[in-house]
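Asks: Chain by chain, the residues run as shown.
2 protein chains.
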Amino acid sequence: MKRLKTTPKQDGYRMPGEFEPQEGVYMLWPQRTDNWRNGAKPAQKVFVKVASTIAKYEKMTMLVNRDQYANARNMLPDNVRVIELSNNDSWARDTGATFVVNKKGEMRGIDWGFNAYGGFYDGIYFPWDFDECIGQKMSEIEEVDYYQIRDFVCEGGSFHVDGEGTCMVTEETLLSPGRNPDKSKKQIEKILKEYLNVEKVLWIPKGLYNDVDTNGHVDNICNFVKPGVVVLAWSDDKKDPQYKISREDYEYLSKVKDARGRKLEIHKLYCPSPQYITAEESGGIDYVEGTLPRNEGDRMAASYVNYLTGNGFVALPVFNDPMDEKAIETLQKLYPDRKIEPIYAREILLGGGNIHCITQQVPKHSNK
Amino acid sequence: MKRLKTTPKQDGYRMPGEFEPQEGVYMLWPQRTDNWRNGAKPAQKVFVKVASTIAKYEKMTMLVNRDQYANARNMLPDNVRVIELSNNDSWARDTGATFVVNKKGEMRGIDWGFNAYGGFYDGIYFPWDFDECIGQKMSEIEEVDYYQIRDFVCEGGSFHVDGEGTCMVTEETLLSPGRNPDKSKKQIEKILKEYLNVEKVLWIPKGLYNDVDTNGHVDNICNFVKPGVVVLAWSDDKKDPQYKISREDYEYLSKVKDARGRKLEIHKLYCPSPQYITAEESGGIDYVEGTLPRNEGDRMAASYVNYLTGNGFVALPVFNDPMDEKAIETLQKLYPDRKIEPIYAREILLGGGNIHCITQQVPKHSNK
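Protein chains in written order, with the working numbering: chain A, 138 to 505; chain B, 138 to 505.
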């Protein structure tokens, strides 16, 4: 397929909102033993659960390193397609292609730069050579041409779009010195506008408390339910550092307007109780130089906002926590036409992300 | 996708003739330096030429090991799709899936056993672990369920079908002790009938002279132009060992009838002059224990029969040999509606096969 040097905006392609109709979802199979405990076996079971849930609603493809191919194929149900694809870790949201469509419904990919969330500044694993190529390889599998902009480091979880000209990011991530230190905020905004084909970028100040893996990805704190409507991770506990963060973001969001000139309708999505890594969990992880450790007692970046929106469903991480029910209730009201699919996801959280981080949707398109 | 334990015959699926309409073609990228001289660079150029030719007529996918992905993507034209897939060598005909269709046009794959043309008996390289999985992985890429019969060793180049109930093989290959020594001729015939869904198996006695790589694959000596019509590799030179072989096969073919009760119309396709490996060519190959050597002076198994039939074309290996023109003329008469595309293919021959060996067609189907 063709590697394009123009931009989606120039060619009339835009990134659809996640809530728009989808063709399918991609995931990457977890296996690295310095991030996923006990040989990644507990995580693999949860990834199977997530993939199986999605496959009830749309096409599901699992991308797998060659040494785990047979195992993944054996663990996954028949309606999940399994394709070999080399990777360093399993964050399809962040390393996968971002897909854009034009008015005719034709699709193309975007192959961003990737440096494991901060490269030699504060990246969380090394090397990331295979992950750098996933956007390209996914586009080739999908038989679409793709925009290559590998000199701009950008994970898919660091932005959300409303499909109507608005993009949201966090300042924490996008301006982190580990991403694009040679570029100003203005230059970064210009690139986002060109590639996501948006007119307005909302710069939310902060990501979720202690979201050290990603430097505070937006997809763990805020999401578009639909154009003009967002959910924001929330806490009413003044002793929780999340309290101040959520209020600061709320204040920002309540003042801005989106690309269409709308004020945002903001819904609070209460966080689960603080979740900490246990000694047993920490003890199941291999020590590797250069990999972010998962220490006993570390507070994890647990949020219900890290859900995937799909055709007729919302795949929601839950934690066997008293707040689970409230999250389900809030989201069911916001998504009256979609089934809320709660999945016990502590194992994904232990790896540093959640359901949105491990999935990448392919919008409906007309290429084939 | 689903791994099926029934058989295509049981489920009403048959392998179409290669001359029937196709969806596309798969190839595998050459790279092993113990088989392809000079770091496989000359072979890669010819594979690019073959892929580019096919891509003019139908969808073309190149499967590539991860360490050659970027190089293959750079060398191939934009209209070739490049997908990562681990392999030990580049014989897509022999290691790729065999695709079968039913009356509704639905497609499935067959994932045969593979042991590098004879395993520890007389296999030509070791290991073959990745090659064993290519049929499975191709089926998953194509999003089709597949029949797994890995306890039956069978390369795709060891059979041809007419799409109307007849299959042809050579005794040399199918009865070689390196394939299925635990099975009788009768048992092997039964498996072929079940999986290719044919009623009759034609057992041609011998393959091309000195075709040591494959123990005389049928696809180097005989092919169905259409049901009832075959081409047979031929020599009129009594001093050439090919002379006797071709006559023996001719005698067999002139006596048998196909599944529909037809006598076969046999066309002679004259071989090129004997082709020998030069000192320079042999000197460009790495020595590796367990790999079939390519020695100076070895006669190669050169044949024009090793062509690929596709939508509107025939991709024909030529050798800058005086016989090239005659082969083109013969085939143009037999395929009046297809363009004969001659490709200088000595580099593929040096690796032990030719254009048919490095390609695997996907029949037209209705799955997507």
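It is worth saying that the hints were derived from the structure and are not from the lab.
Do not take every clue at face value.
A pair holds if it fits inside one copy or across any two, identical chains being indistinguishable in the list.
Pairs of lysine-lysine, DSSO-like flavour, derived with a Cα cap of 27 Å [unchecked claim]: (1) K139 - K182; (2) K139 - K178; (3) K178 - K501; (4) K400 - K182; (5) K405 - K323; (6) K139 - K196; (7) K182 - K142; (8) K240 - K182.
This structure is a prediction, so every number in the text was calculated from the model and none was measured.
Asks: Each hint should be assessed against the structure and marked as holding or not.
Replies: Results of checking the hints against the structure:
no. : hint        : in the structure
1   : K139 - K182 : between (37 Å within a copy, 19 Å between copies)
2   : K139 - K178 : between (38 Å within a copy, 23 Å between copies)
3   : K178 - K501 : neither (33 Å within a copy, 40 Å between copies)
4   : K400 - K182 : neither (42 Å within a copy, 58 Å between copies)
5   : K405 - K323 : neither (30 Å within a copy, 72 Å between copies)
6   : K139 - K196 : both (25 Å within a copy, 14 Å between copies)
7   : K182 - K142 : between (40 Å within a copy, 25 Å between copies)
8   : K240 - K182 : neither (39 Å within a copy, 38 Å between copies)
Against the hints set out earlier in the document, violations occur for numbers 3, 4, 5, 8.
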